[in-house]
Amino acid sequence: MLRANAPAYWQARGRADVRAASASFFNPGEKLFRLTDGPTKLRLLAATGLDGAIVLTFGAALANLTAEEFVQRILVNRFAVTGR
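Each residue of the sequence shown is one higher than the one before, starting from 16 at the first, in the numbering used here.
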């Protein structure tokens with residue numbers, strides 16, 4: 016089940032990376048400010064004991080998915096994420 020307020024939910028938890036990735040796709044000429052680059056983020060996450068991370072390239076294929084399609088095609092079908 017998807018949260019009806021998913022964008023606000025993730026924004027409140029500091030998930031600005033999703034917006035930065037989409038901003039660079041929709042405005043390719045615009046320079047983005049990033050506090051931490053990708054490889055550094057992954058090293059910092061690994062240092063916390065995280066078992067792994069999934070990094071997706073945001074492009075036209077991802078941009079055209081609805082939230083429900085993203086959950087089904089990417090999370091469930093591709094990465095075998097399951098519910099409770």
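For the record, the hints were derived by calculation from the structure and aren't laboratory data. Only a predicted model underlies this, so the values are computations on that prediction, with no experimental measurement involved. Ideal placement from N, C-alpha and C gives every residue a C-beta, glycine not left out. Any given hint might turn out to be false.
Label pairs and their in silico Cβ distance ranges [unchecked claim]:
| no. | residue 1 | residue 2 | range |
| --- | --- | --- | --- |
| 1 | Gly98 | Leu77 | 19 to 25 angstroms |
| 2 | Phe85 | Gly64 | 24 to 30 angstroms |
| 3 | Gln87 | Glu45 | 17 to 23 angstroms |
| 4 | Thr97 | Leu47 | 31 to 37 angstroms |
| 5 | Ala95 | Pro43 | 28 to 34 angstroms |
| 6 | Ala78 | Phe48 | 17 to 23 angstroms |
| 7 | Thr51 | Phe94 | 19 to 25 angstroms |
| 8 | Gly98 | Leu71 | 35 to 41 angstroms |
| 9 | Gly53 | Phe94 | 14 to 20 angstroms |
| 10 | Gly44 | Thr97 | 37 to 43 angstroms |
| 11 | Thr97 | Pro43 | 31 to 37 angstroms |
| 12 | Gly98 | Gly44 | 38 to 44 angstroms |
| 13 | Thr55 | Gln87 | 27 to 33 angstroms |
Hints and how they fare:
1. At about 22 angstroms, the CB distance of Gly98 to Leu77 agrees with the hint of 19 to 25 angstroms.
2. Checked against the hint of 24 to 30 angstroms, the pair Phe85 and Gly64 passes, with Cβ atoms roughly 27 angstroms apart.
3. One distance hint, 17 to 23 angstroms for the beta-carbon pair Gln87 and Glu45, is violated here, with the actual separation near 31 angstroms.
4. Under the hint 31 to 37 angstroms, the C-beta atoms of Thr97 and Leu47, about 34 angstroms apart, fit the expected range.
5. At roughly 33 angstroms, the beta-carbon separation of Ala95 and Pro43 lies within the given 28 to 34 angstroms, and the hint holds.
6. For the pair Ala78 and Phe48, the supplied restraint of 17 to 23 angstroms holds, since their beta-carbon distance comes to about 21 angstroms.
7. One distance hint, 19 to 25 angstroms for the beta-carbon pair Thr51 and Phe94, holds here, with the actual separation near 24 angstroms.
8. Roughly 21 angstroms separates the CB atoms of Gly98 and Leu71, a value that falls outside the hinted 35 to 41 angstroms.
9. Range check, Gly53 to Phe94: about 19 angstroms between beta-carbon atoms, so the 14 to 20 angstroms window is met.
10. In this structure, Gly44 and Thr97 meet the distance hint of 37 to 43 angstroms, their C-beta atoms being roughly 41 angstroms apart.
11. Our hint of 31 to 37 angstroms for Thr97 and Pro43 holds, since their Cβ atoms are close to 36 angstroms apart.
12. Between Gly98 and Gly44 the Cβ separation comes to about 41 angstroms, which falls inside the hinted range of 38 to 44 angstroms.
13. As the Cβ distance of Thr55 to Gln87 is approximately 32 angstroms, the hint placing it in 27 to 33 angstroms holds.
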